[in-house]
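Participant: The chain contents come next:
Number of protein chains: 2
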Amino acid sequence: MSVRPQDTAELHLEQIMYDLENGTLYDARAHLHDLHATEIALLLRSLPIDYRYQIWTVISTEVMGEVLVALQGEVRVGLIDHSSAKDLIASVNHLESREVADLVSDFPATIREKILNIQSDSRLESALSYDGHTAARLMRLDVLTVKKSSTVDSVLAYLRQQDKLPSNMDSLIVVDDNGKYEGMVAISSVLTNKAAVLISSLMNDTVEAISLNMPVSEVALIFERKDMISAAVVNEQGGIEGRITLDEVLDVVREEADHAVLISAGLDEEHDLFSPVLVSAKRRAVWLGVNLFTAFLASWVIGLFEATIEEIVALAVLMPVVASMGGIAGSQTLTLVIRGLALHQISSSNAGSFLLKELSVGALNGLVWSTIVASVAGFWFSNYSLGLMLGGAMVITLSCAALAGVLIPLFLHKRGIDPALAGGVLLTTVTDVIGFMSFLGLATIFLIN
Amino acid sequence: MSVRPQDTAELHLEQIMYDLENGTLYDARAHLHDLHATEIALLLRSLPIDYRYQIWTVISTEVMGEVLVALQGEVRVGLIDHSSAKDLIASVNHLESREVADLVSDFPATIREKILNIQSDSRLESALSYDGHTAARLMRLDVLTVKKSSTVDSVLAYLRQQDKLPSNMDSLIVVDDNGKYEGMVAISSVLTNKAAVLISSLMNDTVEAISLNMPVSEVALIFERKDMISAAVVNEQGGIEGRITLDEVLDVVREEADHAVLISAGLDEEHDLFSPVLVSAKRRAVWLGVNLFTAFLASWVIGLFEATIEEIVALAVLMPVVASMGGIAGSQTLTLVIRGLALHQISSSNAGSFLLKELSVGALNGLVWSTIVASVAGFWFSNYSLGLMLGGAMVITLSCAALAGVLIPLFLHKRGIDPALAGGVLLTTVTDVIGFMSFLGLATIFLIN
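Order-wise, the sequence lines are chains A and B.
Taking the numbering used here, I'd label the letters of the first sequence as residues 1 to 449.
Taking the numbering used here, I'd label the letters of the second sequence as residues 1 to 449.
Please keep in mind that the hints were generated in silico from the structure rather than gathered at the bench.
One or more hints might be untrue.
Copies of the same chain look alike in the list, so a pair counts if it works inside one copy or between any two.
Said to hold, decoys possible - Capping the alpha-carbon separation at 27 Å, the derived lysine-lysine pairs in DSS-like fashion look like this:
{"no.": "1", "residue 1": "Lys180", "residue 2": "Lys147"}
{"no.": "2", "residue 1": "Lys147", "residue 2": "Lys114"}
{"no.": "3", "residue 1": "Lys282", "residue 2": "Lys147"}
{"no.": "4", "residue 1": "Lys148", "residue 2": "Lys414"}
{"no.": "5", "residue 1": "Lys86", "residue 2": "Lys180"}
{"no.": "6", "residue 1": "Lys226", "residue 2": "Lys147"}
{"no.": "7", "residue 1": "Lys414", "residue 2": "Lys147"}
{"no.": "8", "residue 1": "Lys282", "residue 2": "Lys164"}
{"no.": "9", "residue 1": "Lys86", "residue 2": "Lys194"}
{"no.": "10", "residue 1": "Lys414", "residue 2": "Lys180"}
{"no.": "11", "residue 1": "Lys148", "residue 2": "Lys86"}
{"no.": "12", "residue 1": "Lys180", "residue 2": "Lys114"}
{"no.": "13", "residue 1": "Lys194", "residue 2": "Lys164"}
{"no.": "14", "residue 1": "Lys164", "residue 2": "Lys114"}
{"no.": "15", "residue 1": "Lys114", "residue 2": "Lys226"}
{"no.": "16", "residue 1": "Lys147", "residue 2": "Lys194"}
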């Protein structure tokens with residue numbers, strides 16, 4: 001009855017891989033038959049690319065559309081590239097306008113035109129005109145509204161008239177006589193009240209409507225804060241445009257979390273585990289190149305002290321310790337700030353207090369660890385002045401790391417750059433440069449005659 | 001009508017900080033009065049610690065419980081420590097058993113005992129006995145079940161009898177005559193069907209029930225895959241224990257995402273931006289210590305080649321380049337694997353294909369960048385054999401980085417250790433050691449006579 005999804009997903013994957021390795025595409029098709037579109041999507045995403053396209057050929061056009069909707073990025077685009085124009089056109093037949101809009105934006109232009117001509121749906125056209133990261137793109141159009149002035153009785157009669165009520169609906173949108181948004185009323189409260197009770201007395205008018213152009217990340221925050229299941233989407237005049245349900249919001253939160261993890265490693269576009277080697281290598285090369293630049297910058301700093309290192313080779317042995325500790329301490333602070341910004345927990349009014357706290361933590365840990373590091377290094381090379389330089393450099397580097405860990409993301413955020421993307425690289429550049437420069441600089445001043 | 005949450009949250013924060021800085025706690029209290037419990041929780045979380053405890057004193061016990069439930073970790077514990085026993089006992093009065101169970105586990109033992117004595121609620125006691133990371137802890141107990149054999153008519157009559165239906169309810173749980181789970185029926189489909197229609201013909205029996213001890217992360221995956229709003233929770237015999245609604249699942253997904261970001265920087269416990277300096281420094285010191293160990297390991301490797309460096313100081317200048325590029329390339333692979341494991345996308349059946357792909361990407365990028373790096377280094381030090389050594393070391397390091405990026409998280413996952421926690425440290429250790437060893441080793445063999 002109840003299942004452990006990882007087991008079933010892994011089982012499906014294993015089964016299909018077995019079918020394909022043994023050359024029985026017929027068996028694979030039989031296995032697919034029992035799966036939901038979302039499960040097929042997950043399966044395709046986990047399949048090495050050759051297998052994925054083999055399986056794709058046996059999937060019926062009725063399911064194709066739903067499977068493509070459940071996928072994103074390059075996995076989706078790859079499958080579209082491996083589909084015939086005829087199949088793609090047929091695949092959107094069973095989808096909602098919103099889903100079609102989402103999907104056809106990834107279709108080749110000629111096919112998109114054809115679909116728009118065939119469907120000639122004003123809803124689809126307006127859905128296509130919305131920005132992909134706003135409430136408008138999340139909303140469903142299957143809305144039921146009731147007037148504030150109607151009674152429980154008339155609402156129940158109205159609901160009964162419908163052939164089938166929209167799915168995932170726990171409440172109705174309440175409007176005034178001009179169709180403007182007023183609030184929400186739970187279907188359950190309509191059900192449990194007397195026939196003559198007015199909707200205006202049952203409705204909850206503290207539930208805010210979502211505006212069409214609200215960014216999806218803010219929509220998610222509102223849903224989280226208010227524990228809502230659904231909300232109305234309104235235009236600037238307060239007219240009802242659609243509704244957003246929590247299941248769509250969940251996908252947004254999951255995608256954002258995914259994005260946050262990938263972007264910090266420079267992998268924003270890499271949604272496909274099995275993208276072709278050349279494509280993948282090319283994309284990652286950019287990130288490696290950026291980092292190579294900062295690595296050479298650090299090398300250049302070290303190069304300034306070649307003469308010092310020539311005299312005391314132990315400096316070369318110990319210098320990675322300072323840079324590495326600075327990088328680790330700085331990225332702890334950076335992580336907190338990036339998260340604080342994403343959750344709207346840090347703003348100009350509390351950034352000062354936070355910076356002060358982080359500086360204190362950095363200085364304190366700098367002092368503690370510099371003592372330990374200085375002792376180890378002093379003992380290792382029987383040279384306690386060397387240890388002292390290492391300790392001093394560590395205090396400087398950890399304090400600067402805290403400063404950079406707070407200021408870099410705040411600055412990037414203010415300039416509209418995602419701190420999760422560029423923060424790490426910039427921070428490492430700062431901690432490397434300061435780490436090497438302080439250690440080798442102190443040594444040059446105090447240890448070289 | 002519609003709001004931008006970041007603006008209102010920031011505005012509240014600014015307002016309250018202004019109130020407190022100007023010493024008018026009375027004004028602050030007036031501002032709090034307009035806010036929901038969740039909003040107060042968000043506000044408290046963003047307040048520097050002194051301000052936070054000042055504000056806490058003016059919050060009424062009716063709201064206290066809800067605010068504490070909306071908070072986690074050390075922010076919550078800190079506020080509990082700053083509350084009187086009397087207030088804490090009163091604060092749980094307005095909460096559901098599930099919420100009380102969640103909350104009292106953070107209360108001091110004596111207060112917890114008292115609350116258990118006062119409430120003497122079997123539901124609370126059983127809720128407390130469940131593991132914190134299972135479906136049992138997420139579920140609500142306000143369940144309405146209907147029999148499979150009942151008619152639309154009788155179900156509507158039953159619903160109308162209720163004073164108030166549970167919140168966020170879009171469907172009812174259907175059971176057989178023995179009260180065992182059978183499926184779900186949407187309230188909307190009950191509403192739109194004729195009086196004599198049987199529930200058994202309307203219910204959806206493909207919706208799986210969640211078992212009591214299913215880990216919360218799996219519950220989240222099931223909800224995502226099936227686009228559900230609510231699901232039944234059953235015991236081993238199939239009897240109904242409660243229901244889980246999507247709004248609880250959303251919190252789980254958000255918390256997991258949060259955890260994934262924090263744990264990779266060794267900040268798993270650091271939920272409070274404004275935790276006291278000493279507490280914060282002590283906690284982070286552990287992570288710095290672990291990393292110091294690996295940094296000294298790298299230093300030790302360099303130390304093995306002191307004689308070589310003494311002869312060619314340029315090696316010291318260039319060696320961070322190899323280690324840094326290895327670390328970056330490896331962490332790209334590592335990030336993909338950690339994410340793939342979390343989303344159940346990688347398992348034993350496809351790990352081989354993925355490893356092969358990553359090795360190819362690593363070797364390819366190793367070749368490309370080693371050519372560039374070798375040329376730059378050769379030109380810089382007018383020593384093309386040195387450049388050649390650097391290039392060779394880079395190919396070796398990037399290939400090993402890909403290997404380690406795949407194998408380390410798979411190994412940790414198999415041993416039940418969260419790869420997000422330990423993966424990064426282990427990977428950097430490997431890439432540092434191999435980077436320094438291959439570069440300095442090649443130089444010792446080929447450049448030193």
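Participant: Next step is simple, just say for each hint if it's right about the structure.
Facilitator: Evaluated hints:
1. Lys180 - Lys147: within (10 Å within a copy, 40 Å between copies)
2. Lys147 - Lys114: neither (39 Å within a copy, 49 Å between copies)
3. Lys282 - Lys147: neither (57 Å within a copy, 59 Å between copies)
4. Lys148 - Lys414: neither (43 Å within a copy, 58 Å between copies)
5. Lys86 - Lys180: Result: close neither inside a copy nor across copies, 42 Å intra and 47 Å inter.
6. Lys226 - Lys147: Classified as within; 24 Å inside a copy, 32 Å across copies.
7. Lys414 - Lys147: neither (44 Å within a copy, 58 Å between copies)
8. Lys282 - Lys164: Classified as neither: same-chain Cα gap 50 Å, cross-chain 60 Å, threshold 27 Å.
9. Lys86 - Lys194: neither (54 Å within a copy, 42 Å between copies)
10. Lys414 - Lys180: Intra 36 Å, inter 56 Å, cutoff 27 Å: neither.
11. Lys148 - Lys86: neither (47 Å within a copy, 44 Å between copies)
12. Lys180 - Lys114: Answer is neither: 36 Å inside a copy and 51 Å across each miss the 27 Å cutoff.
13. Lys194 - Lys164: both (24 Å within a copy, 12 Å between copies)
14. Lys164 - Lys114: neither (31 Å within a copy, 51 Å between copies)
15. Lys114 - Lys226: neither (42 Å within a copy, 31 Å between copies)
16. Lys147 - Lys194: both (17 Å within a copy, 25 Å between copies)
Violated hints, in rising order: 2, 3, 4, 5, 7, 8, 9, 10, 11, 12, 14, 15; the structure is consistent with all others.
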